[in-house]
Amino acid sequence: MIGLWSVPLLFALPLALGILSLLVTPAWRPRLIFVGLPLLAAASLDVLARLVLEGPGIYALGDWGAPLGINLVADGLAVGMILMTTLVASLCALYARVYLRDYPASSSFFWPLLWLLWAGMNGIWLAEDIFNLYVGLEVMGLAAVGMVALRATPQALAAAMRYLLAALLGSLAYLLGVALLYAAYGTLSMAGLQEAAAPNPTTHVALALIILGLLLKTALFPLHAWLPPAHGGALTPVSALLSALVIKGSFYILMRIWLTLGPEVTPVFTAQLLGVLGAGAVFYGGWMAWRQHHLKQLVAYSTVAQIGYLFLFFPLVTGTSPEAARLAWDGTLMMLVAHALAKAALFLSAGNLILAVGSSQISHLVGISRFRPMSLFSFGLAGVSLMGLPPSGGFTGKWLLLHSAILSGQWWWLIVLFLGGLLSAAYIFKVFRMSFREGPQIDHSVTPPLTLDITALILASAAILIGLTAHLPLFWLRLGSAFGVG
Amino acid sequence: MDWNALILFGVLATSLVASAVIFLLAESRHTTRSVFNLTAAVLKMLLVGWIIWGVYRNIDYELRFTIIEGVDFILRADALGMMFVGLSSLLWLFTTIYAIGYLEKAPNRSRFFGFFSLCVASTVGIALAGNLFTFLLFYELLTLSTYPLVVHRGTRESLRAGQIYLYYTLGGGALLLFGVVALHVLVGDTEFVPGGVLSGLDPALHPLLIGIFLMMVIGLGVKAALFPLHAWLPMAMVAPAPVSALLHAVAVVKAGAFGIARLVYDVYGIEFAFSLGLLGPLAVAASITIIYGSLRALAQDDLKKRLAFSTVSQVSYIILGISLFGPVGTLGGLVHLLHQGLMKITLFFCAGNYAETLGVHKISELDGAGQRMPATSVAFTLGAFGMIGIPPMAGFISKWYLGIGALEAEMHWVLGVLILSSLLNAAYFLPILYRIWFRRRERVWCEEKVLGRFETSGWLLVPTLATAAFALTAGVLAGMPFSPLYWADLIVSREYLP
Amino acid sequence: MSGSLVFAWSGVLLFGLGLFGFIAHRHLLRRLLAFNIMGSGSFLVLVGLAQDGRGVDPVPHAMVITGIVVAVASTALALVVFRRWYRTSGRTDLPEDT
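Residue numbers (our numbering), protein chains in the order written: chain A, 465 to 950; chain B, 928 to 1425; chain C, 8 to 105.
Treat the hints as calculated values from the structure; they're not laboratory data.
Virtual Cβ for every residue (Gly too), placed ideally from N, Cα, C.
Treat the hints loosely; a few may be bogus.
To be verified - A few chain A positions that, by computed beta-carbon distances, are all more than 10 Å from chain B: (1) V562; (2) F882; (3) G903; (4) T933.
Claimed, not checked - The following label-pair restraints were derived from C-beta to C-beta distances: (5) A:H935 x C:S96: 45 to 55 Å; (6) A:L501 x B:A947: 24 to 34 Å; (7) A:A660 x B:F992: 22 to 32 Å; (8) A:P568 x C:L86: 39 to 49 Å; (9) C:L86 x B:R956: 55 to 65 Å; (10) A:G519 x B:G1115: 21 to 31 Å; (11) C:T99 x A:W469: 42 to 52 Å; (12) A:V910 x B:R1367: 20 to 30 Å; (13) B:P1034 x C:A80: 53 to 63 Å; (14) A:V910 x B:P1155: 46 to 56 Å; (15) B:K1289 x A:D566: 51 to 61 Å; (16) A:L936 x B:G1115: 51 to 61 Å; (17) A:F498 x B:E1084: 48 to 58 Å; (18) A:L914 x B:S1291: 32 to 42 Å.
Unchecked claim - Residues from chain A that face chain C, not an exhaustive set, calculated with beta carbons under 7 Å: (19) G533; (20) M625; (21) L640; (22) A648.
Next up, chain A with everything else stripped away, as it sits in the complex (with noise of 0.2 Å):
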């Protein structure tokens, strides 16, 4: 019999080693990740293993069920992103141990603002209400922030006071929308909602004003401003983290939001105007990343148009037949851990190369995969993934994609799918033909810890290989939703 440490254990344990880091000495705070990260993992892993075994169950915290106690949820969807938060969060951990060897000052209060963010991810993933949600919205995002600045130099805090404005409106447009909610209905859970949702004006005005503030925080194109500064000019490892998987914890909140509140309410003209934007974001994110010379704002860029593929989800799956929505379920969730892995391999191996070559300039690139084919590699496979290039986690994503909007006659969709793989496939290839140009003879390039290159290439492996295993996980992922049923 499997026990019921581990739910409570995924956001209790990073809370307190959050703090706990906060009072030991810096020298000793990288060392804690030797203790989070095994029990994480098996606590990840634990949890999956009641899902296959027992199915998704509801736990209430410390045994007080709702409404005044805290009820988690630990489905499919849930488990999933639990279990890439932590192969994701772990790698980035350990990959920021040793590179901040270089910049001490910013490295103390990195860890416990990691430990602090994995707990609000944790706590998002794991929310069976709305408010907790928002809880767990506002640790998240309060923990980025600091991350973000924590490169003291005077873009990095304007990059970072501007995601802060940007997270406040959010946040506050959502908490205004859940009130409303509230109001109409008495309950804050899920299971609640979902139960006594109905199309009246409150729940309409409520959904507009959660869906303006979540678009705000997932940076969907026209409201993506804030992003490519913060992300791009973030240290390494913090970008990787905001990219992979602090931007999908808000889109992760709309989703579960819109599935709750279901078919009745939530219209087919919002779900396509959400298509339309997302398209906008793919063509736009695309081109900017296009014309990027420097390595990570071209990588920054990378995120905003790949956000735009998750919003299809919402089209597909409203006012179409089960079958086309489940396709857009695993398409979109195949797309989500894919772009996660992907990412931050991305970032990571960028970092990498900024590090061989001493510039985050794109020309500066010249030649070097003579010198460091490990970290062009892992590029280059992160790359494949993120182009939708098969073997790849995002090739099933986007064939799903395609499978499903064919099915559900929603041809228009299939341009994106098309543009965006090749606008993707221009700026990545943007980055090779650079690498391979004739360049010096003589190898000038610094050769990045071998820690750093081999968490890179652990990261784009797994984006490939969940593509080519995609089976078993997407079985999982349906459990406890409305298309785990056949």
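Please arrange chains B and C on chain A, whose structure you already have, making use of the hints.
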């Protein structure tokens, strides 16, 4: 333990493992790398030979696992696939030997050979694919693994050529993806079955099927250099000679033609395709390409560019054969897949020899090459004769069957195309032969190098002579069992007579 | 109009005023103040709607308390970042601001 599945995987694994190992080897370990390369190539040939023997005796080889619901990854060995795999593995061995010699003293050899092996792995995957999904997977992988080879030299021209290559191949790949997904929506997993899986569909869907066919032919036609999608091919000539040889004889162009063969025979089915009226336009497109390629070849002075346009023209013979309804036309097209591979690679090897030993890139500089490099020039002559279609070279056999197939399918104009293109082939090959053999050398060679005891390095010479010999024997011994013709006949009988 | 709805509507009004200030002002401290006013507005909405004849409902009160704590933390973080920003750049607004 499913040994058959394991052997199948082994064929793929030899080049994948070789690729990984080569990438990890330090740049300076040349001997280790060469040994590894050659061992892997020989091992692959042995495995392929074993499987061919098994397929001949109707043994089933299959490896499959589920990717997502309704989509399987399938590797299967059937007669058509084995023909392509056989060609690939044989020519990989020779090209590896050639490349080892050609790139001696060049930088970035680890990178080159690593992607080279990956390229072969992709080609093998394409040949062994048992359904459209798996085919597409390796098809795109081929694009990714050939790009670094095209831009290998790192010069402005190479990068530009690589960029154009990507525009075409990625665009084509996207169209192909669309077609494949559309077919999946209509019929589920599209496994390759002789006679196709689409004939049972509702007639109301036929216009849609025609549209999908068009899209997929464009996607495949990019790699097969079908007019007007061929522009990337001559530009890719900036790559080193082994790359041009591989791309033109084995990997990329054949993958496109092979894909069209699979599409017509095993997805749509030849009868169904004929009833939809798809074969006629395909034959027209192929014929236009044949004539166009030959005309452009006439205008080229650069030897490799002339050979490139010749490839554009010749690969369309295969597509022409596919579009001729009837066993004989099919036979001609399929056997030409093998013949053209052998002959063209010989020609490219010779071009590489001339360039490396004598510094000659242009046809106008080839005067008297026959005296200085007789063995290479004999090989070139054999290849050229094959291209023109002079017996007993293999090229004659393919054209003969294509002609008869055209008569059987009652498309008499195709005969005209065949005759015209043979004349054009003669027009652009014979002058080269004349210069090589019958003109005396006036000036000094551009850049003469002494590369070995013979007229050039043994690494370069042996593969050239070997492939020329194969091209000759394929024609002379065409009636014997296990000749290319024999094998193509086997495929046709299994395809047409259930 | 019942008593509770007065609170709710005032809350909405405050939210609106705060939003306007947040967007219109350039000085970062004013934007922060505007954010706090927005926050207070949403809390007022929450509390106001909670008194809707059902007796006293503790859940919105819990939400408001949590919200206040979050607002305090956010304000503190914003102030720290702002101070750093001011020290390094000498500016009180963000460059090329929207």
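Evaluated hints:
1. The claim that V562 (chain A) is not at the interface with chain B holds, since no C-beta of that chain comes within 10 Å of its own (minimum 22 Å).
2. Not every C-beta of chain B lies more than 10 Å from that of F882 (chain A), the closest at about 5 Å, which undercuts listing it as non-interface.
3. Residue placement check: G903 (chain A) does not keep its beta carbon more than 10 Å from all beta carbons of chain B (closest about 7 Å).
4. Non-interface call for T933 (chain A) relative to chain B: violated, since the shortest CB-CB distance, roughly 8 Å, does not exceed 10 Å.
5. About 53 Å separates the C-beta atoms of H935 (chain A) and S96 (chain C), a value consistent with the hinted range of 45 to 55 Å.
6. Against the hinted window of 24 to 34 Å, the Cβ-Cβ separation of L501 (chain A) and A947 (chain B) comes to about 28 Å, which satisfies the hint.
7. Checked against the hint of 22 to 32 Å, the pair A660 (chain A) and F992 (chain B) fails, with Cβ atoms roughly 44 Å apart.
8. For the hinted restraint 39 to 49 Å between P568 (chain A) and L86 (chain C), the CB-CB distance of approximately 25 Å leaves it violated.
9. Taking the beta carbon of each, L86 (chain C) and R956 (chain B) are about 60 Å apart, inside 55 to 65 Å as hinted.
10. With their beta carbons about 30 Å apart, G519 (chain A) and G1115 (chain B) fall inside the hinted range of 21 to 31 Å.
11. Separated by about 49 Å at the C-beta atoms, T99 (chain C) and W469 (chain A) satisfy the suggested range of 42 to 52 Å.
12. For V910 (chain A) and R1367 (chain B), the hinted distance range of 20 to 30 Å is not satisfied, since their beta carbons lie about 58 Å from each other.
13. Taking 53 to 63 Å as the suggested C-beta distance range, the pair P1034 (chain B) and A80 (chain C) conforms, at roughly 57 Å.
14. For the hinted restraint 46 to 56 Å between V910 (chain A) and P1155 (chain B), the CB-CB distance of approximately 47 Å keeps it satisfied.
15. Our hint of 51 to 61 Å for K1289 (chain B) and D566 (chain A) holds, since their Cβ atoms are close to 54 Å apart.
16. The hint said 51 to 61 Å for the Cβ distance between L936 (chain A) and G1115 (chain B), and at roughly 21 Å that hint is violated.
17. One distance hint, 48 to 58 Å for the beta-carbon pair F498 (chain A) and E1084 (chain B), holds here, with the actual separation near 52 Å.
18. Checked against the hint of 32 to 42 Å, the pair L914 (chain A) and S1291 (chain B) fails, with Cβ atoms roughly 54 Å apart.
19. For G533 (chain A), the interface hint is violated, since its Cβ never comes within 7 Å of a Cβ in chain C; the closest pair sits about 11 Å apart.
20. Given hint, M625 (chain A) at the interface with chain C, holds; its Cβ is 5 Å from that chain's nearest Cβ, closer than 7 Å.
21. Of the supplied interface hints, the one on L640 (chain A) holds, with its beta-carbon coming within about 5 Å of a beta-carbon of chain C, less than 7 Å.
22. For the restraint placing A648 (chain A) at the interface with chain C, the shortest Cβ-Cβ distance is roughly 9 Å, beyond the 7 Å limit, so the hint is violated.
Of the hints listed earlier, those the structure fails to meet are numbers 2, 3, 4, 7, 8, 12, 16, 18, 19 and 22, in rising order.
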